[in-house]
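Asks: Please build the complete structure, drawing on both the sequences and the hints.
Chains V and B, in that order, are what the protein sequence lines are.
Taking my numbering, the leading residue of the first sequence gets 680, the next gets one more, and so forth.
Taking my numbering, the leading residue of the second sequence gets 680, the next gets one more, and so forth.
Errors might be hidden in some of the hints.
With the Cβ distance kept under 8 Å, some of the chain V side facing chain B (calculated, not the full set) [what the hints assert, rightly or not]: (1) 937; (2) 947; (3) 985.
Honestly, the hints are just simulated from the structure, not real lab data.
We treat Cβ as the ideally placed atom computed from N, Cα and C, and that holds for glycine.
Residue-level listing of the chains:
2 protein chains.
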Amino acid sequence: MARPVDVPALVAAARDGSPRAVARLISLVEDEHPALRSVMAALVPYAGHAHVIGITGSPGVGKSTSTNALVAAYRARGLRVGVLAVDPSSPFSGGALLGDRVRMQDHALDPDVYIRSMASRGHLGGLSWTTPQAIRVLDAAGCDVVLVETVGVGQSEVEVAGLADTTIVLLAPGMGDGIQAAKAGILEVGDVFVVNKADRDGADATVRDIRHMISLGDRTAPNLWRPPVVKTVAAQGIGIDEMLEAIDKHWAWLAEHGGLRERRMRRAADEIEAIAVRQLRARMGDLRSGRGVADQAGRVVDGRTDPYAAADAIVEALT
Amino acid sequence: MARPVDVPALVAAARDGSPRAVARLISLVEDEHPALRSVMAALVPYAGHAHVIGITGSPGVGKSTSTNALVAAYRARGLRVGVLAVDPSSPFSGGALLGDRVRMQDHALDPDVYIRSMASRGHLGGLSWTTPQAIRVLDAAGCDVVLVETVGVGQSEVEVAGLADTTIVLLAPGMGDGIQAAKAGILEVGDVFVVNKADRDGADATVRDIRHMISLGDRTAPNLWRPPVVKTVAAQGIGIDEMLEAIDKHWAWLAEHGGLRERRMRRAADEIEAIAVRQLRARMGDLRSGRGVADQAGRVVDGRTDPYAAADAIVEALT
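Replies: Structure, rendered in structure tokens:
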């Protein structure tokens with residue numbers, strides 16, 4: 680049995696700035712605790728203010744260093760910052776690959792910075808299931824900015840773009856990942872491109888590649904956001920102001936062109952759908968009298984029916 | 680409007696060995712053609728005989744060369760072989776990254792080898808949606824062996840394991856991917872590990888790494904399959920017999936220990952569930968009178984409800 684949770688007290692403490700209460704709320708999200716429903720209901724009046732910024736890129740481009748630099752920059756503005764580091768993890772072991780890293784110690788004792796590593800579980804909607812709820816917790820707890828850092832492996836950079844108001848795509852020179860990344864969909868999701876480690880050879884070529892590819896896309900149409908390309912050396916704090924300025928401009932652009940509501944509508948729709956599908960999946964498994972998924976699977980394997988007819992039987996029994 | 684399809688004639692032609700009919704059936708799968716339902720129903724009596732073999736690994740380990748060698752080996756046994764090369768693709772452009780490669784020309788004119796490149800679309804259940812149906816087409820068309828080759832990026836190696844009776848994980852020495860791959864879940868999904876390019880430095884170390892990690896897992900329990908580790912130089916045909924032998928042993932083990940039915944049950948359940956969820960998603964979007972996903976998303980964004988209550992409203996309206 681799950682431990683009972685005093686939701687109103689916990690939400691009040693999180694609103695009051697208790698890092699422990701915030702951590703506990705995010706744990707409820709990760710554990711898919713039964714109290715989540717009432718937590719989310721209790722957060723409704725407080726959410727929707729934070730600027731959600733996604734940061735993605737291949738391993739080695741300097742995501743953590745860049746996130747660290749952004750945290751420092753927002754703190755210098757007096758803003759409260761939340762950081763969610765979403766680690767890809769084995770769908771089998773459930774363990775976070777990078778769970779043992781020591782990260783962002785600069786801010787570990789700052790009461791206005793919440794930092795949380797999250798494992799992205801499962802292969803169906805890993806990010807989409809828990810991350811939006813963790814964002815909502817940080818948002819409702821008073822964070823002005825929520826940074827969501829994901830390792831750009833496979834589809835996660837696409838997913839993070841679905842979650843964020845502004846998506847930053849990090850690249851580094853000489854990693855050969857410019858064109859690959861762009862082909863893999865990264866070009867379509869980036870609102871701001873950052874070439875980090877720009878003191879290395881090939882930085883200008885990487886910038887040119889990205890600019891060229893942007894110019895080939897349909898981003899040049901009027902009224903569309905044209906993603907800026909910024910050079911940084913995050914480890915030395917170089918270019919961070921320019922990165923911040925690009926993010927601010929995108930935020931202003933979203934507000935001006937109605938893009939913010941549009942993105943948030945899409946994000947909420949994804950989240951609602953994920954929750955609804957999850958409920959329906961659970962019901963599918965529970966269906967009795969030969970109409971459950973397992974029974975139908977047996978009929979398919981035995982050559983007595985096809986998967987469409989089997990799915991029909993399940994949908995019919997559900998609806 | 681979709682072009683009408685003479686399903687019985689097409690299925691009969693495919694059963695008769697017409698590569699064109701087989702190609703057309705797989706196109707129907709890729710296009711999500713309305714005739715798919717009746718195609719799948721028509722294939723029921725003929726499917727379930729093929730040995731489905733998944734081949735996965737990072738880019739550069741030699742998947743296509745190994746697949747090619749396996750095709751040749753199975754052809755030498757007089758078996759009919761189907762090959763599905765599933766390419767990761769941008770979820771935005773929909774284009775297959777590797778669509779232009781010239782592959783496996785050795786077998787291009789062999790009437791008993793069907794080769795098909797497929798794009799894995801979308802980020803929700805990319806492989807799980809179309810690939811099982813394409814496998815069923817090749818199986819029903821009389822293939823004794825169906826090889827499913829996927830680039831091991833992100834979650835796809837896990838997905839291919841869900842589709843295959845036997846999953847081969849390819850590695851290469853000196854790519855530093857041994858431990859990474861294992862951590863990322865590849866260890867749990869491999870039934871046969873193949874260290875290709877074994878004439879390179881470090882091959883024995885890679886074999887040792889894999890063996891060591893297998894010994895740490897719970898695979899050592901009695902009655903569990905203990906994955907063999909085979910060394911190959913696929914480009915020179917070295918080690919292919921050993922790889923084949925390992926695959927044969929796994930196939931025999933599956934038959935002996937009931938694992939085949941279990942795997943196929945799980946595969947069918949995933950497929951049924953994917954089709955059912957798809958139907959339910961479509962209905963969710965279609966819901967009228969303020970209960971559709973878009974309407975509920977608006978309520979969430981406006982702070983009038985939370986995503987759980989919104990999902991409840993949708994599930995209630997559906998069921």
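Asks: Hints broken by the structure, by number, lowest first?
Replies: 1
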